[in-house]
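**Q** The residues making up each chain are set out below.
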Amino acid sequence: MEIRDSRDVSSAHHLDVLALAERWVRSGRRVAVATVVETWGSAPRPVGSHLVIDSDGNFEGSVSGGCVEGAVVSEAADVIASGKPQMLEFGVADETAWRVGLSCGGRIRVYVEPVTDAA
Amino acid sequence: MRLDLLSALNAARDRREAAILVTRLGDGSQRLVQRAGLSAGDPLFEELERRFRSGSSGQVTDPSGEAHFLTVSVPAPRLVVIGAVHISQALLPMAEIAGFDVTIIDPRTAFASEDRFPARVLRADWPEDVLQAAPLDPYTAVAAVTHDPKIDDFPLMAALNAGCFYVGALGSRKTHARRVERFQAAGLSEDQIGRIRAPIGLAIGAASPAEIAVAVLGEVIGALRLAVARDRT
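Sequence order for the protein chains is S and G.
Under the UniProt record's numbering, the first residue of the first sequence is numbered 1, with each subsequent residue one higher.
Under the UniProt record's numbering, the first residue of the second sequence is numbered 1, with each subsequent residue one higher.
Derived by calculation from the structure, the hints in this document are not laboratory data.
Check the hints yourself; a few may be wrong.
[To be verified] Selected chain S positions facing chain G (Cβ under 10 Å, derived; list incomplete):
no. : residue
1   : V25
2   : P46
3   : H50
Every residue gets a Cβ at the ideal spot worked out from N, C-alpha and C, and that includes glycine.
Just chain S, same shape as in the assembly (with noise of 0.2 Å):
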């Protein structure tokens, strides 16, 4: 009897992030990976929620409801061009909140660093 693994049915139900970030790499776009490593109060994503970002602002996954997704990516734009990771902070205490706050009033921190080729 010729059956489709289980896994191919139940992993089709959602998407990976960190799977589709290395076929945009693959496919020879430049990448960056974001991920909330800190959360303080009511944050809208756990810790380890990626967010993964080309150089040309596409997007997937989320790091927070919606709240600070744009920032992530415009600064998303500075790590894929300069190499370097940088760590963000947002939050009702930043002063940005009034920007990019989260609307429900907690804090998180988001490592975005770029997909790199060189071992």
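Chain S is already provided as a structure; the job is to place chain G on it using the hints.
**A** Relative to the frame of chain S, chain G by itself:
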């Protein structure tokens, strides 16, 4: 993020192997640790071991005060049910809703029919053959519900040897006592045999097949989550 490490992390996930990408936040340098290759001499050994069990990513400071971020990738929890019986028909949808990848194995074609189970989860073959192609691992639970030693015994022993996070077997205390004798004769240790949950399922007085399925799923989730919850305290 180094492409070679990203690629190795994704490949490990495809093979259902646990791996952790360790990023030193000070300078962005990275390394990949596979669960099978974790050495006791690693400066983050205890933290890495704990993360392999919990599956949760997070930040950690090493003994020298350096901050690291651990991107943890562990396989989705899987439930292998031995026996395409009435309990399994109720257990399948419940376990899938709870987030498990479910496989149902039964060599008896009268039970393992596509009328009774969707083809994507069903393996109408002997457990010996199915498990050779898709081996058990620590992120898998095994529930044996056929009552028949010649079907249940092999996958139960394989589950104990693979360190499956849950191993349960249907059958009365008397049936289980005979099973224990067979497993002792087969050379399994008392510790291993003691890990079998038998009679299977939480003691909630379950009567119907669907209620037994609830009791089994509750016990599987407890085995998956409680050890981790204890770790955190």
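**Q** Next, verify each hint and record whether it holds.
**A** To see whether the hints hold, each was checked on the structure:
| no. | hint | in the structure |
| --- | --- | --- |
| 1 | V25 | holds, 6 Å |
| 2 | P46 | holds, 8 Å |
| 3 | H50 | holds, 8 Å |
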